[in-house]
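2 protein chains.
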Amino acid sequence: MGNTDQSHPSPNTYNFNSSSSGASHRVGIPPPQPFVKSLKNTLKETLFPDDPLRQFKNQPTRKKFALAQRYVFPILEWGPRYTLEFFKADLIAGITIASLAIPQGISYAKLANLPAIQGLYSSFVPPLIYAMMGSSRDVAVGTVAVGSLLTGSMLSAAVNPVENPTLYLHLAFTATLFTGIFEAALGIFRLGFIVDFLSHATIVGFMGGAATVVCLQQLKGIFGLDHFTHDTDVISVLRSVFSQTHQWRWESAVLGLCSKKKPNMFWVSAMAPLTSVILGSLLVYLTHAEKHGVQVKGINPTSIMDMEFGSKYLTTAIRTGIVTGVIALAEGIAVGRSFAMFKNYNIDGNKEMIAFGFMNIAGSFTSCYLTTGPFSRTAVNFNAGCKTAVSNIVMAFAVMLTLLFLTPLFHYTPLVVLSSIIIAAMLGLIDYEAAIHLYHVDKFDFLVCMSAYVGVVFANIEIGLVLAVGLSILRVLLFVARPRTLVLGNIPDSKVYRSVEQYPNTNNVPGVLILEIDAPIYFANSSYLRERISRWIDDEEDKLKSSGETEMQYVILDMSAVGNIDTSGISMLDEVKKIMDRRSLKLALANPGAEVMKKLNKAKFIEKIGQEWLFLTVGEAVGACNYLMHTQCKQKLSDEDSQKYSNNV
Amino acid sequence: MGNTDQSHPSPNTYNFNSSSSGASHRVGIPPPQPFVKSLKNTLKETLFPDDPLRQFKNQPTRKKFALAQRYVFPILEWGPRYTLEFFKADLIAGITIASLAIPQGISYAKLANLPAIQGLYSSFVPPLIYAMMGSSRDVAVGTVAVGSLLTGSMLSAAVNPVENPTLYLHLAFTATLFTGIFEAALGIFRLGFIVDFLSHATIVGFMGGAATVVCLQQLKGIFGLDHFTHDTDVISVLRSVFSQTHQWRWESAVLGLCSKKKPNMFWVSAMAPLTSVILGSLLVYLTHAEKHGVQVKGINPTSIMDMEFGSKYLTTAIRTGIVTGVIALAEGIAVGRSFAMFKNYNIDGNKEMIAFGFMNIAGSFTSCYLTTGPFSRTAVNFNAGCKTAVSNIVMAFAVMLTLLFLTPLFHYTPLVVLSSIIIAAMLGLIDYEAAIHLYHVDKFDFLVCMSAYVGVVFANIEIGLVLAVGLSILRVLLFVARPRTLVLGNIPDSKVYRSVEQYPNTNNVPGVLILEIDAPIYFANSSYLRERISRWIDDEEDKLKSSGETEMQYVILDMSAVGNIDTSGISMLDEVKKIMDRRSLKLALANPGAEVMKKLNKAKFIEKIGQEWLFLTVGEAVGACNYLMHTQCKQKLSDEDSQKYSNNV
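Note that the protein sequences, when read in sequence, are chains A and B. Here the first sequence stands for residues 5 to 653, where the numbers follow our numbering. Here the second sequence stands for residues 5 to 653, where the numbers follow our numbering.
For reference, chain A alone in the conformation it holds in the complex (with noise of 0.2 Å):
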């Protein structure tokens, strides 16, 4: 230290005289902050990012109670002022999304591998709770087809619906009971940022990959083949389609595609099933083709009594509840959310969670499966001008009345239809234009869809979502671990430092290296920053060599994006200091974060370099390393001078 002191005179001198900065200028140490104070806050930034008890603040205890109680009930809040213009819009959003539910709950009915009537039973109770609680003014509630279709793969695996449907049933009902408390629980506990860690990428992937599975189980019902595979990969879907070509019917087939062509009018869409369902029955009535019972058997029995909890597949049904749970609540609140967007009003993640939750809870107490807010259904509501969650009421009292009196009229209703409005449904969650969209912008995304769909697709629903989770993640790992670092250079006639490659125009400082990191510095980057910053050090003194320039005498690392820094990134910086004295380089940072100065401060690695070679700006960084190479030189020149003037006498 003492040799590089010496042949480095210390820039305070600099920071006074220079008249662009001054002890002002000083990189700021943050006062030292009590743990729990920290503590607090972080804890407060992580779990209540939305800081809800915001309104509570300084009110009398009796507001405060009603406060809580609009929290929990929303509906406490709207529906004081509800109106009867509100109701007329309502009531017809209702009624039609109730068109909707009642024939998609038989059709999801069956992709759960559950009778057709818990369909209808998911679109009576659950929507009278999301009603109360929720938070959503256009969601409406019923069972999802990949929430189904998930239940139904999972639970299958376990048990057989064929030979043994009572206890898959109950098994239904034990998954939703749980999925239900997760939910709720997540919410509760204010975990609802998990949900984030699906990302756009994800979910387009997998609803198209789910998608598409689903539309292959539908070719059963399209070609009526008795026979078919439980499995949901495509390979084994197509050989037991081909497998069977034999048993294919036409007129099935036909009927299928006539009532399989998907109108583009909201309102239509929303009518079409429920035509397409009692034209279907009519003419199966008259053909006598295939039929699908439902038994009549009035709303919603309770199911407390059929919980599995003693039974040997308690885990299975906690696995699918937490599973299906984290899939109905990915699209569920996303599907709020972009709704909400619309029409400009905010939505509580962690409240639609607890919504949700106690949804499920009631459902399952209810002969209700898995239940969430479908997109299809909600743009339907939203499209046919819903202005509250009570068109999710009038949806609930039209599907009773359609348990008391209509169920009748599903006596004939032919699987094919079914199975057509389904794929109807499923085709418009292939997003192929959002795959293409993030081809363009983000190959990384592109591919993270990708793998969702492929995984899905030819494996099953759990293997493609954990690939593209894990995929994420690792994303966010690599970014961490391979931070990169930027040489900047000055922007002609300003004091700015910008990076070299994406500004081509500016000109580099002769005799100082400046670096930008531009990551936290943390344990699963120090070595390899410590291994790149001596490699750029290695580079540039090469390249000045064969060019003959005055040899480097400072790095200059530009902090301002490092946002926080841990033990073994300061022993790196600690190491990189080490480096530099070998080479007799000066280390100066520009630009620190307050966590960073703290925890460098901490560890006495300022002391190590010196209060003074710390900078608010790369520029002031640059302008004492300037001076203090100038005043070198003058002092070398006076040097000669002196030997001259000595040798001369």
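Since the hints were made in silico from the structure, they are not lab data. Wrong hints could be hidden among the right ones.
Identical copies look the same in the list; a pair holds intra-copy or inter-copy alike.
DSS-like, lysine-lysine: derived pairs with alpha carbons at most 30 Å apart [to be verified]:
#1 Lys-608 <-> Lys-581
#2 Lys-92 <-> Lys-447
#3 Lys-92 <-> Lys-547
#4 Lys-44 <-> Lys-67
#5 Lys-549 <-> Lys-41
#6 Lys-61 <-> Lys-355
#7 Lys-612 <-> Lys-581
#8 Lys-549 <-> Lys-44
#9 Lys-391 <-> Lys-581
#10 Lys-547 <-> Lys-499
#11 Lys-67 <-> Lys-355
Since chain A is already given, all that's left is putting chain B on it; use the hints.
Just chain B now, kept in the frame of chain A:
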């Protein structure tokens, strides 16, 4: 947009008037790079950060071949330059570490529940391989306590070493083979960075925990107990110690304490073990205390035929091999690196992995088990003044001589002396100062360290590691999932804008909110950032309302620290833009990086906010906003004047 645009004239005009900025200051959109090229760069940075092929650039093929040879066998590089002085130094160092290697080898073999002779074998062949392939001059190869313990605990779980010694031994060889293959593969596929995920904090906690466990295990020897638990956790160990108090042997305890006191100087600690072994053996020979036999067997017999590929324990062997491999690598490379630091030379992580890998493969074929570069032995080697890897060769031959002629000496080695040697070695590994340092500098690292320690001590080694690594990764994910957003203010008499928290003397710009985002904008944080940004805006507007200042008109996002963005992030920015349009606020971006610009451009987001709302620095953005607000005021005034005029008329 139309309206907002009217109320906000474009800042173009400003850009041309203002002196401090001009056309040259436009934010550059990097030229579109062919996907393959960028992918190539990414892969290069990820897998070849140290650019190993650098030296091969523009060399004749002949030279290239020679270089390649040297790359694989560094001995070819330094061998020719080897001198007699070097040899003298290496000879002394070699003998010193041999004197440590022999008793350590025996003791550690016991930790792995292997015959003591395996410990000696393991100090013969592997060092020779490493001497040829290793790139470190200081690493002394041998077995390690932690690795041995890990092998012991993991294999004993599957096979009882007492009942089925041969199978157990063969499993150990198989595990070692897989360790070797795994390590070599990591090196060859350039996956060295996986080791980086064992952070400094993790290793400190892990070593301490392992050392504690090992010490506890030695109580068996110290108290001369016959029956002892095979579990490694504190509770069961202490139970089995105090359940047999009646068996405690005072003489062995005394003997242990005598040979246990830990000397400070390295060469003493280097000689101490051998001396204590010899003395101990004599003492035992005279007092006829318990015996611990080592059969004379000559040098390493081959064990290629002993691999247990067929057996049902293969998976256990593979798991053990990989887990121990990771640990061994982590220690070996960390040790090599730290001593290379002292002598100012670099070692190549991937190269080291290949060396360690082949040394273990060769070892597994010659009756050796897991070896690496243990800290204690390397430290002794370094301190004894080794110059090159030749000291390993010397040690190997010293051990060979021992194997051939001296093993009878160990016939009487008392268990207690070995135990005390181990304990002495272990106590050095419990680095509580480091833990305290962690606590002071970085609470989270301390948490990681402690979780590793507690996990290892109270559960087992794997749980401890998984816990610590999981926490470390969670931290990285949380950093990205909950990035800090900072409000910036202007630093007096400068164009610099910094966090108001860190620099309390900053003054904020009326009518403008400046936010800095401190992490890449990814799926994991996009929804959080949306919430947070709108909350910042709310807070600011509340503040302004209460203080009755000029209302907010502009929001500037400082993107300097945003290293990258994905499609979820872009749609988040879209939503933020919409939110602001609704509140008739203008959004400006300052200093977006190359990656970000590329993606924003592809996603057409730049068109949406308008190229003129991108600024090189926060300063320029603020300048533009002020200019616009000023012109607006003037406009308003003139309008009022004209109105007055018309009124007057």
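Intra/inter-copy verdict for Lys-61 and Lys-355 if alpha-carbon distance must be at most 30 Å:
Within one copy only: 19 Å inside, 60 Å across.
State whether the alpha carbon distance between Lys-92 and Lys-447 is at most 30 Å within one copy, between copies, both, or neither.
neither (47 Å within a copy, 59 Å between copies)
Status of Lys-581 relative to Lys-391 across identical chains (alpha carbons, at most 30 Å):
For Lys-391 and Lys-581, only the inter-copy Cα distance (25 Å) is at most 30 Å; the intra-copy one is 64 Å.
Please sort Lys-549 with Lys-44 into within, between, both or neither, judging by C-alpha distance up to 30 Å.
between (53 Å within a copy, 28 Å between copies)
One pair to classify: Lys-44 and Lys-67, alpha carbons no more than 30 Å apart. Within, between, both, or neither?
within (26 Å within a copy, 62 Å between copies)
Can you give me the call for Lys-608 and Lys-581, within, between, both or neither, at a CA distance of at most 30 Å?
within (13 Å within a copy, 43 Å between copies)
Can you tell me if Lys-67 and Lys-355 fall within 30 Å by alpha carbon in one copy, between copies, both or neither?
For Lys-67 and Lys-355, only the intra-copy Cα distance (20 Å) is at most 30 Å; the inter-copy one is 69 Å.
Are the CA atoms of Lys-547 and Lys-499 at most 30 Å apart within a copy, between copies, both, or neither?
Only inside one copy: Lys-547 and Lys-499 sit 25 Å apart there, 34 Å across copies, limit 30 Å.
When Cα atoms must be at most 30 Å apart, do Lys-612 and Lys-581 count as within-copy, between-copy, both, or neither?
For Lys-612 and Lys-581, only the intra-copy Cα distance (9 Å) is at most 30 Å; the inter-copy one is 45 Å.
Go through the copies and call it for Lys-92 and Lys-547: within, between, both or neither, with a Cα cutoff of 30 Å.
Classified as neither; 77 Å inside a copy, 41 Å across copies.
Within a copy, between copies, both or neither: which one fits Lys-549 and Lys-41 at a CA-CA cutoff of 30 Å?
Cα proximity of Lys-549 and Lys-41: across copies only (29 Å, versus 52 Å in one copy).
Violated hints, listed in ascending order, are 2, 3; each of the other numbered hints is respected by the structure.
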